[in-house]
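Chemist: One-letter residues, chain by chain:
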Amino acid sequence: MSAPSRDPGLRTTVTDAAATVAGRAVALATRLRSGQGQAMPGLVADRLSPGYANRALARLPDGVVMITGTNGKTTTTSFVVELLRAAGKDVLTNATGSNLARGLTSTVVGQSGWGGRLKHDVAVLEVDEAVAPTFAAELPPRWVVMLNVGRDQLDRFGEVGRVVELITAAAGHATHGVVVSADDARLVAAGRALEAGGSSVRWFGAGEALREKFPTDDELVTVVPAGPVRGADAAKTPADPPADAVVRPATDVDLAASDGRHATFEVAGAARYEAELIVDGHYNHLNAAAALALVRQIAPDTGDQALVDAMARVGFAPGRGEAFTMPDGSVLRLVLVKNPVGLHQALSAYLVPGASTMFVINDDWADGRDVSWLWDVDIDLGGAPVIAAGTRAGDIALRLRYGGAQVCDVEPELGAALDLVLAQPGPRTVFATYTAMRALRRLIEARLGAQVERAARS
Amino acid sequence: MKDLHVVQLYLNELNTYGDRGNLVALTARVREHGYEPVVHHHHPGADLPERIDMVLGGGGEDSGQQVVSRDLQRQAERLHACVVEQVPMLLVCGTYQLFGRGYTDATGAHVPGIGVFAADTVAAPGRLTGPPDRLVGNVAVESPWGTLYGFENHGGLTTLDADQPPLGRVTRGRGNNGCDRTEGARTANAMGSYLHGPLLPANPALTDALVGMAVRLAHGETLEPLPPDDLVETVRAGAANRRY
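So the sequences go chain by chain: A and B.
Under this note's numbering, the letters of the first sequence match residues 1 to 458, in that order.
Under this note's numbering, the letters of the second sequence match residues 1 to 244, in that order.
Quick caveat, the hints were computed from the structure, so don't treat them as lab data.
All C-beta atoms, glycine included, are put in the ideal place defined by N, C-alpha and C.
Among the hints, erroneous ones may be present.
As the list claims (entries may be wrong) - Keeping only pairs whose Cα atoms sit at most 20 Å apart, straight-line, the calculated DMTMM-like set for lysine to aspartate or glutamate is:
1) A:K89 <-> A:D259
2) A:K236 <-> B:E32
3) A:K236 <-> B:D3
4) B:K2 <-> B:E50
5) A:K213 <-> A:D378
6) A:K213 <-> A:D259
7) A:K236 <-> B:E36
8) B:K2 <-> A:E195
9) A:K89 <-> A:D128
10) B:K2 <-> B:D208
Unchecked claim - Facing chain A, a subset of chain B residues (Cβ under 10 Å, in silico):
11) L23
12) A25
13) H40
14) W145
15) G146
16) T147
17) T159
18) T234
Stated by the list, open to error - Computed footprint of chain B on chain A; a stretch qualifies when at least three of its residues, placed anywhere within it, have a C-beta under 8 Å from a C-beta of chain B:
19) 255 to 262
20) 422 to 432
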């Protein structure tokens, strides 16, 4: 701008428009170059017009919903978006899992009109735990969902207690309410503290019958104390519920049953709803329960049955159990794993006896530099053959070998690893860390083109 | 098969950084050497077993340190006696700090240790806002058992007394305090270290050294070397070439 405007509103509008144009140009350029670059457009827009995204989001009539926690942010966001659409809302979301600050701004750049305004009713944003408090302080969300906490990228976050502090601080900014897991003692304590501070707190969780499928991070490494353990089992430390378990809050929504694609939700301890979903896996279904607990608060008039029906339209979030159908009709399933609880649940949901199995472990910054967590999960493959891949192929191979697996190949390079697993008979399950998952999806898309696009959406 | 009794300390309280892998690798290696591992999980308030051939302890969050510190005071006499008897020990991160003279946190509160190592640990100075600066990253350490590879992630800075030998010297990474290039500490056969990774799977020379010490002590026997392990060599080559 050559001359400063007297009207700060107009000036902001003009700079926001400029920021939108510049951000989009960067988005186009980076996409053309590398197929990546989710953060750059946001970076540029934010530099040109600080506070750009917040101004746009603050104008939304139904405000912002923040989804945070260690595992399940992206899948929960998908469910919340679809349920809100069933309630007639026009929803903005960062569907690609780009949940750090610049990625969020990039989302707004891509979705706003040229003047930097959004046409949507509500934004559903998954927000990285480290960013959540700052984000919520600058732009108080109406609702915050606290899914779970566990060890995840300790090299970034420090300790688990710190993650609880971060997301509780974010939830403290919620203007309408907070949706919290009733199954994690740390979050129950946090939720009760928020309640005591005047927040409206809603609870979701896994019903009695499913509880053992969802050990918390603390339970995962709780050892059975009775007597010495000897011989081949000497290193096994089976989970044992802590004796001083907290009293579980009464839930708004429980996942009462989960079998394959079939899920049963119990609302307010009474009404039961059955759903046949595209998405299988008990932990994905628990995310759906969180979404239901949230959206029935935001849009109570829609009715629980209509909201549960809408769940059936939600597909897999990219790489979160996503199944690709190969040209020969066989299936390759891609499962993101990034921390001990996530790995434990992914193995219990998707490890298929007789399926070809590959683990792809990278140690880029987004994966976490430290791969120690691979040793905090009991991996017992019972002598099954597996492929180890990724920048830390050797480390995961060593872990798997100690878990009794027969490691056939150790292949750091992802293209070669994909060849190896595709040479195996289907079905195939590939467990991959974040950057490995994204790289594999690109490789699969490049090889199979439109065929893959269709399979992923079916 | 002859027994080897391993005490695993405080796995419910200090378990955050994958150090359970040390137990996995150690017990597997003990079996490969032809002995039967017997693992005693020690929890606060319980008694240590009658026979102790080896001791393992890991790292965890600050919240776990208080209860562990109290229990360690109760066990201090027995553990010091084990050190004198040359019982091998691997004490990582949080347990390492408490086998020193203790840990002083950011508020100045002191969590007492048992002084097996002549070492003091203080919380790293914080930033103006946010969590304190932590020492985080891949580490290589020159030691009597060759190069040790691991990953450090600690908010405590440990300083050894002049007459306290370290476990080794860092050639990459920060080590005890980011300053004097020492890593860990060694008193008799008790080894303290900040290295996760976990440490033992990728460093079999150290694992065998610990097992050898235990076997000599328990049964008066000497270990035969095991054949080299290609997969472990792959992992170690990867660690040696890692740039960050």
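Chemist: Between K2 (chain B) and E195 (chain A), does the CA-CA distance stay at or below 20 Å?
Modeler: Violated, at about 57 Å.
Chemist: For the hint on T234 (chain B), does the least C-beta distance to chain A fall short of 10 Å?
Modeler: holds, 4 Å
Chemist: Does the structure keep K213 (chain A) and D259 (chain A) at a Cα separation of 20 Å or less?
Modeler: Judged against 20 Å, a Cα distance of about 12 Å means the pair holds.
Chemist: Verify the interface restraint on A25 (chain B): the C-beta must sit less than 10 Å from at least one C-beta of chain A.
Modeler: holds, 7 Å
Chemist: Just to be careful: measuring from the Cβ of W145 (chain B) to every Cβ in chain A, is the smallest value less than 10 Å?
Modeler: violated, 18 Å
Chemist: Can the restraint linking K89 (chain A) and D259 (chain A) be considered satisfied, given a maximum Cα separation of 20 Å?
Modeler: Violated, at roughly 30 Å.
Chemist: Does the structure keep K236 (chain A) and D3 (chain B) at a Cα separation of 20 Å or less?
Modeler: holds, 17 Å
Chemist: Quick one: see if chain B covers the segment 422 to 432 of chain A, three-plus residues with Cβ-Cβ under 8 Å.
Modeler: It is violated: at least three residues are needed, and the segment 422 to 432 of chain A offers just 0 whose Cβ sits closer than 8 Å to chain B.
Chemist: Have a go at the T147 (chain B) hint: is there a Cβ in chain A nearer than 10 Å to its own Cβ?
Modeler: violated, 16 Å
Chemist: Holds or violated: K2 (chain B) and D208 (chain B), Cα atoms, limit 20 Å.
Modeler: holds, 17 Å
Chemist: Can the segment 255 to 262 of chain A be counted as covered by chain B under the rule of three residues or more with Cβ-Cβ separation shorter than 8 Å?
Modeler: violated (count 0)
Chemist: How about T159 (chain B): closest beta carbon in chain A under 10 Å, or not?
Modeler: Nearest chain A Cβ about 22 Å off; hint violated.
Hints 1, 8, 9, 14, 15, 16, 17, 19 and 20, counting from the list given before, are not met by this structure.
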